[in-house]
Amino acid sequence: MKFKNLLGDLPRWLTIVIVGFFLIFPIIAILPMSLSSGGSLSFPPPGLSFKWYREFFESPDWTGSLWVSTQVAFLTVFFCLLTGIPAAFALESEKLRFKGAITAFFALPMVFPVIVSAVALSYFFAPLELIGTKVGLALAHTTLGLPVVILPTVAALKRFEWDLVWQARNLGAGPIQAFIGVTLPLLRPAFITASLFAFVTSFDEVILAEFIGRGENLTLPKKIWEGWRFEQEPTLAVIASLLVLVIMSLISAQVFIQYNKSD
Amino acid sequence: MLKGKNLNTFLGLLPAFLFLAAIFIWPVLKFVTISFYPDETFSMDNYQTIIDPDRPYLEIMTDTFRISILTALACLVIGYPYAVAIYRATKRWQKTLLIGFVLLPFWTSLLVRTLAFMQLLQNTGIVNNTLIKVSLIADPVQMVRNELGVIIGMSYMLLPFFVLPLNGVMQRIDPKIELNARSLGANRFQAFLATILPLSLPGVVVGLTIVFLLSLGFYVTPVMLGGGNVPMISSIIARQFDKTLNYSFASALSVVLILATMVFGLVLWGLSKLLEKFTAYQATEEVA
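From first to last, the protein sequence lines are chains A and B. Residues 2 to 264 in the working numbering are what the first sequence lists, from first letter to last. Residues 179 to 466 in the working numbering are what the second sequence lists, from first letter to last.
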């Protein structure tokens with residue numbers, strides 16, 4: 002009986018293995034590529050060495066752009082939280098009509114072809130001298146980050162137990178006290194999740210960075226984009242590995258927080 | 179009048195609204211209008227150039243559509259069996275793991291994955307080497323800087339956008355329906371054809387639509403894996419804007435891309451709604 006089941010499941014297991022491999026392999030392959038002792042990107046690498054990591058961290062160009070990416074990402078998170086959290090609260094209010102349409106409006110930049118957003122924003126920012134500035138790029142990234150902040154926050158608000166706030170008020174807390182003492186702490190995991198998503202969205206964004214992030218302040222993805230045609234050195238794989246590691250650790254942090262929520 | 183709670187709601191939405199209006203809606207609208215002004219006067223010259231059969235743009239657009247359709251089909255071939263595998267997974271952790279596999283590339287940088295893909299698909303890369311070693315092919319297959327590479331790359335990047343909506347629909351299919359078919363005498367394959375397949379079709383259409391629409395405007399992967407040999411609308415827009423500095427023409431191309439996306443989006447959305455009506459069983463709605 003069990004043997005027969007296994008045979009029938011063979012196509013299914015084959016699919017899982019093949020597709021799963023297809024999905025994971027390119028990501029895993031990056032790490033060995035970055036540890037290559039050879040002079041150019043290759044897989045599998047001829048030998049293993051940390052020299053490209055050393056080269057990356059000793060290069061002010063690369064570490065500089067790592068810093069720029071981080072700054073832009075933090076700015077983006079700031080703008081997204083500032084505009085997105087009030088919007089999420091508003092979207093949860095019962096009195097609001099057309100919630101679907103409003104949510105779709107906020108999600109619009111994500112479904113819109115980014116190349117068009119990039120050139121349009123670049124055209125718009127140019128006379129405002131926002132091209133090449135971290136603020137300008139952060140503003141652009143915020144258009145992509147807003148839905149990424151609003152949607153999880155709305156989901157968290159849906160699950161929120163407003164009774165707890167009511168009870169706090171009942172026990173004598175004023176409205177602001179209740180908000181700061183009860184609502185905010187309970188929503189902290191959701192806020193952290195939203196911030197992480199917004200950070201990742203900005204940190205690894207390349208199209209808007211290509212058109213708006215020009216000049217001296219280059220983000221990491223922008224710098225990679227500039228050089229990929231010429232520089233086939235494993236340095237690129239180092240950056241790639243670092244990007245993967247940063248993003249993976251952020252996502253893991255997010256998952257960790259999810260599982261530690263007092264739900 | 180706006181009082182109390184209504185006022186709060188309005189104020190809550192205001193920053194986000196103003197922000198998107200100022201940093202997205204207004205710039206895009208402004209940019210779109212310059213497509214009508216190649217010189218100082220209003221004219222449709224740009225659009226006439228685009229649909230002129232003697233110019234390359236019409237062909238580039240049809241190429242873009244073709245590549246997008248092929249990408250969507252590739253996602254279908256790879257993604258549908260995988261979605262069925264998720265559906266068939268009996269334990270919760272199995273489902274989570276399989277979906278996690280699909281989400282993982284989604285959250286690791288697009289740029290990184292495309293770079294890795296470029297390396298793997300080289301003529302001397304590991305894919306070709308392995309295929310030669312197992313004697314499936316004699317000479318390396320050209321998979322970079324050509325259309326095949328772009329399709330492979332894009333279907334890889336867009337696979338989650340196919341699997342996730344499809345999985346969403348399939349989750350709502352009541353497993354009892356298939357059981358009923360089996361108990362009435364159908365074998366596994368017949369039961370699948372008669373129950374799961376039709377019920378999953380609306381999800382398939384949604385998934386294909388999303389992949390198709392995203393492929394139309396996709397920029398990073400076609401440019402990198404195409405190596406300049408596979409012009410799609412997105413790369414032409416970039417080139418007109420950046421190299422030729424022909425902002426007006428870039429704008430016209432953008433308008434065409436936006437319109438195409440909107441039109442196809444509406445048509446395909448209507449199709450999926452129609453399919454839902456034809457293939458829905460009572461039981462599915464009860465589960466949902």
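There's no promise every hint is true.
[As the list claims (entries may be wrong)] With beta-carbon atoms standing in for the labels, derived distance ranges: (1) GLN320/B to ARG55/A: 51 to 61 Å; (2) LYS269/B to ASP62/A: 43 to 53 Å; (3) LYS52/A to THR308/B: 25 to 35 Å.
Source of the hints: derived by calculation from the structure; they are not laboratory data. We put the beta carbon where it would ideally sit given N, CA and C, even for glycine.
Hint-by-hint comparison with the structure:
1. GLN320/B to ARG55/A: 51 to 61 Å: violated, 35 Å
2. LYS269/B to ASP62/A: 43 to 53 Å: holds, 49 Å
3. LYS52/A to THR308/B: 25 to 35 Å: About 28 Å separates the Cβ atoms of LYS52/A and THR308/B, which means 25 to 35 Å holds.
Violated hint for the displayed structure: number 1, the only one.
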